[in-house]
Amino acid sequence: MEFADVKALEMILVFILIAGSLYFYATEKLPLEVTSLAVICALMVVFHLLPITGPDGKNILTAHELLAGFANPAMLTVLALLILGEGLNRTGALDTAASVVYAASRGRPVAAAGMALLLVCIVSAVLNNIPVVVLFIPIMQALAVRSNRSAGRLMMPLSFAAILGGMTTLIGSSTNLLVSSAMIELGEDGFDFFSFTIPGLVVAAVGFLYVAFVLPRLMPDREGETATLQREAKQFKAQITVKRHSKLDGMTPTAGFFPGLAGITVLSIERDGDVILPPYEDVPLQPDDALIVAATREKLLQFQKENPGALTPDIMAHSGLARMIDRSAPWQSGAQSVAEVMVTPGSRMVGRTLDTIGFRYRHDCVVLGVERRSRMQRTKPTEIPLEPGDILLIQGRRADIEALRGSQEVVLLEWSAEDLPKPHHAKRAGLIFLATVGAAATGLLPTEVATLSGAAAMVIVGALSAEEAIRALDHKIIMLIAAALSLGTAMQATGGAAFLAHTMVYALGDASPAIILSGFFLLTACLANILSTKATAVLFTPIAVAIAHGIGVPAEPFAVAVVFAANCSFASPVGYQTNLLVMAPGGYKFKDFVRAGTPLLILCWITFSLFAPYWYDL
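With the UniProt record's numbering applied, the sequence shown covers 1 to 618.
No lab work stands behind these hints: they were computed from the structure. Wrong hints could be hidden among the right ones.
To be verified - Calculated pairs, BS3-like style, for lysine-lysine (alpha carbon to alpha carbon, straight line, at most 30 Å):
{"hint": "1", "residue 1": "K234", "residue 2": "K29"}
{"hint": "2", "residue 1": "K380", "residue 2": "K427"}
{"hint": "3", "residue 1": "K247", "residue 2": "K380"}
{"hint": "4", "residue 1": "K247", "residue 2": "K427"}
{"hint": "5", "residue 1": "K243", "residue 2": "K427"}
{"hint": "6", "residue 1": "K29", "residue 2": "K380"}
{"hint": "7", "residue 1": "K305", "residue 2": "K29"}
{"hint": "8", "residue 1": "K247", "residue 2": "K305"}
{"hint": "9", "residue 1": "K29", "residue 2": "K243"}
{"hint": "10", "residue 1": "K29", "residue 2": "K589"}
{"hint": "11", "residue 1": "K247", "residue 2": "K234"}
{"hint": "12", "residue 1": "K305", "residue 2": "K380"}
{"hint": "13", "residue 1": "K476", "residue 2": "K589"}
{"hint": "14", "residue 1": "K234", "residue 2": "K305"}
{"hint": "15", "residue 1": "K476", "residue 2": "K380"}
{"hint": "16", "residue 1": "K7", "residue 2": "K234"}
{"hint": "17", "residue 1": "K58", "residue 2": "K243"}
{"hint": "18", "residue 1": "K591", "residue 2": "K476"}
Note that the structure is a prediction, hence the values are computed from the model and not measured.
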């Protein structure tokens with residue numbers, strides 16, 4: 001191995017920048033994007049003042065080269081995958097998978113939890129991990145309630161299952177794409193869609209056994225912030241109208257509770273002018289029954305998603321002409337959002353009912369429910385005179401909801417707005433996603449072309465608006481990837497990668513390639529829990545190639561080691577974003593990840609160390 005090209009001063013400065021970035025990424029004393037921008041700027045200044053010249057005497061680390069990460073195909077692929085995942089979430093295209101899990105939970109909640117984790121592992125192989133985890137967090141919370149277990153026993157397994165599944169295909173994780181891109185830039189062959197699927201399945205299978213059967217036992221019986229918030233959540237009073245041939249039509253209560261209204265309390269039933277009060281023994285529901293119910297916002301929105309139009313009591317009660325007008329109303333078409341507004345003390349709505357206010361026509365929003373902390377009446381929400389402080393759960397277009405900021409009658413509660421899924425676009429979104437995966441998997445299109453085309457198609461068919469697609473892009477990821485690619489380029493150009501490779505090979509002496517591969521995996525995995533997986537992947541790919549060339553073996557097994565090791569960010573919440581997503585719902589502390597994630601990291605390391613030499617003939 002030659003080290004004549006090592007630029008000592010420049011290499012030391014790069015290592016200092018890497019150490020500094022590691023420190024600030026780990027402590028987050030500065031926002032991640034600020035640290036990333038500072039690293040890029042520092043690199044441009046350093047190599048403008050201390051240029052690294054190539055054979056032609058020109059600086060090979062110009063600002064153009066250091067900023068090239070912003071246009072890197074891997075970067076664009078990651079961003080396109082975020083848009084694709086957002087399209088699936090916005091349309092509810094993955095709700096079928098959620099329904100399967102809920103159905104399996106009837107009487108067998110523990111088996112359903114295992115099934116959910118397996119499903120997460122499978123789906124994560126072809127979809128970005130973040131939207132998968134976001135989708136399954138409420139599912140896991142529901143399973144925890146049904147099985148009378150702490151949500152903390154299921155949240156961390158959810159994140160880890162998604163990470164394990166992402167190890168098995170090229171697009172399973174953005175980390176995999178970054179390693180492949182870095183390999184190509186180094187003059188090596190990149191990965192195909194299934195290049196490391198076999199070793200990935202072996203590692204994931206062993207890891208999944210730990211996640212499904214051991215990890216839940218190591219988790220603390222600690223309730224997450226979400227559970228606490230759910231207990232203290234506002235109870236909205238709403239009205240559900242039973243439609244003919246709906247799933248509620250003919251439903252009979254069991255022990256006074258209706259099985260199709262999980263988490264929703266039925267306060268009374270109005271039928272042909274009569275009021276039926278609990279207990280509802282032998283009272284099957286009939287068409288046109290009006291159920292006066294109380295539930296949290298989450299439960300009402302879940303019911304609204306499954307039964308569109310069932311939570312618009314003041315509309316259902318109108319004449320035929322009014323119903324015809326309402327079919328084309330703003331709250332009946334286009335992209336819909338929900339939000340909460342509070343009735344102000346000086347509002348003209350005080351003392352009047354929803355029936356007489358005409359809120360939906362004045363503001364182009366419909367009221368789904370009313371929350372009043374003082375008492376819970378059993379009359380229709382449309383017949384309750386409003387009081388100052390009452391909170392209305394409303395539905396309408398985002399622009400119409402935002403227009404309420406200027407209203408003198410209600411106050412829009414900050415951060416309460418939430419976009420509703422677009423189920424009528426679910427099939428289109430699903431087909432686009434399948435076509436994208438198929439085109440990338442078969443090699444019909446390059447991965448970046450397939451994913452960018454798929455992301456564009458999501459917007460074109462209406463599954464996402466342009467604004468929603470832009471909001472799906474995480475600026476932290478953009479800056480982090482760009483900074484990591486710049487550091488990787490600088491480390492390679494200064495000879496830093498070769499220096500680290502030489503140091504490691506020297507430390508291991510005359511060890512076999514299998515031992516060196518195992519040691520390299522462990523070193524990379526440990527750093528992945530301090531730095532982000534993406535930065536670790538980009539920084540260690542050139543080191544992997546240099547080590548492979550130094551000991552005279554193919555670069556592929558060492559590059560695959562980077563893929564798997566960088567994904568082994570189980571021992572820290574900051575290593576992978578899905579760990580951060582489950583931290584609050586699971587009520588975890590930093591030490592919980594160290595205690596529960598370290599054994600999984602070691603298990604994956606041992607499994608890879610035993611299987612890789614056999615598979616790659618080392």
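Name the hints, by number, that the structure is in violation of. Hint check: 1, 2, 6, 7, 9, 15, 16, 17 fail, others pass.
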